[in-house]
Amino acid sequence: MVDLSQYLPILLFLFIALGLSALFVFLPMGVSRLTGAHNPDAEKLSEYECGFPAFEDPRSQFDVRFYLIAILFIVFDLEAAFLFPWAVSLDLTGWPGWITMMIFLGELAVGLAYAWKVGALEWD
Amino acid sequence: MTDFFQNTLGMSYEFAWFTATIAGILLIALPLMLAVAMIIYVDRKVWAAIALRRGPNVVGPFGLLQSFADGLKVFLQETIIPSAANKGLFLIAPIVTFTVALLAWAVIPFGPEAVLADINIGLLYVLAISSLGVYGVVVSGWASNSKYPFFSAMRAAAQMISYEVSIGFILICVILYAGSSNLNTIIVAQIGHGFGLVNAFAFNLLLFPMWVMFLISSLAETARAPFDLTEAESELVAGYQTEYSSMSFALFWLGEYANVLLMAALNAILFFGGWLPPLNIDLIPWFDIPGFIWLFAKIFFFFFVFSWVKATVPRFRYDQLMRLGWKVFLPLSLAFVVLTSGWLMLTRYG
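Sequences listed follow chains A and B, in order. Residues in the first sequence are numbered from 1 upward in steps of one, following my numbering. Residues in the second sequence are numbered from 125 upward in steps of one, following my numbering.
Keep in mind that the hints were calculated from the coordinates and are not lab data. Check the hints yourself; a few may be wrong.
As the list claims (entries may be wrong) - Derived, one-sided and incomplete: chain B residues facing chain A with beta-carbon distance under 10 Å:
(1) I146
(2) L150
(3) S290
What the hints assert, rightly or not - To give a feel for the contact side, a few chain B residues facing chain A, derived at Cβ under 10 Å:
(4) I245
(5) A281
(6) P438
(7) R441
Where is the CB? At the ideal position from N, CA and C, for every residue including glycine.
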């Protein structure tokens, strides 16, 4: 049975950290209204574009390679997540565990080689 | 600490535990914020010294209070929420960034007993929490509804997740050697690891390259120079924080520096023995010095290395950054997982 009592401080920490950061965001908003610093106008609230009105919608097209990187990341990060339990129990699983994981890593290395070959990792 | 509240102050166990935990959390969070303020000052002083300038030297003795003056100024400023922004998300982004930056410190051991949550998956927790940091960046870039933040958020997200992959494999190598992902166990496993003399995993032929890669990856992961493409000021103004002002802007800075400190701490804990003294000989009473002093000294050293790099190394291009992450670090760290585990199977478990 897993001892979950060690995780309770993390939960409490989450609440305190959230409260602290929310305080940091919202308290200055209140303070600036009291001190008179809060003085918005249309120009000030427009988005930053080097001093002229924006030409087009900022959320325009972006390079598909960012998307490809994200897809590849899912594969390899999941792989790393699989490796964690294997790494702590290497002494228990012995050679069969090691060989199995090497086959799995080999498959992913093939995946990486394929992504490399089709140019998913090219940026120029 | 629970004992202290229970026995000295006569509280019930539950209440004593609760008080002790809250005190522990505040003992981490508040000094961390103080440390971030001071470390920003150190950062500026180091760059200044390398560029033969004086750096901040007006506010307080030697300019020590500069960060606090900046903080007060920023606190009193107006919070500008652009009219085109998604207001909810716009305000949530700095909260996420800072919360996540604080939260990772819950498992960092400051001494044999001085750890808030001594969980057995400590390293996995750190990896998971540092992955969450991407959300603050992406959400801020998207919610700003402005060009520069949007491009910067794209770059930052791709950069952070790219290097996270190789960081994951590097951590696996350390876990393989320590046989556990509990951070305290990893530190204890380093006693006399290098030639029976040095308390560090870095003095190991298989782990030394991993440490070099981890140091470079931690620069990339925290978007420090030479990988600070997310806020390359000549291209992207101030990156994903362009539209932010007042304390919401400062929270990104605080979060960023808290992450830099965390990465320095991880370098110290995973490869340089954390709270252990550097050498495993008791000639001078090393072991009587409290562990957290060693840890802080090591964190400070690595932070100095980070500032040094920032002051001297020119910025990478984005394609170079991606090539380094995917074509060099990923295959290399993958190969080292195979090598390390194979070596351990042959020598230790086989």
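Worksheet item: Does the structure break any of the earlier hints, and which numbers would those be?
Response: 6
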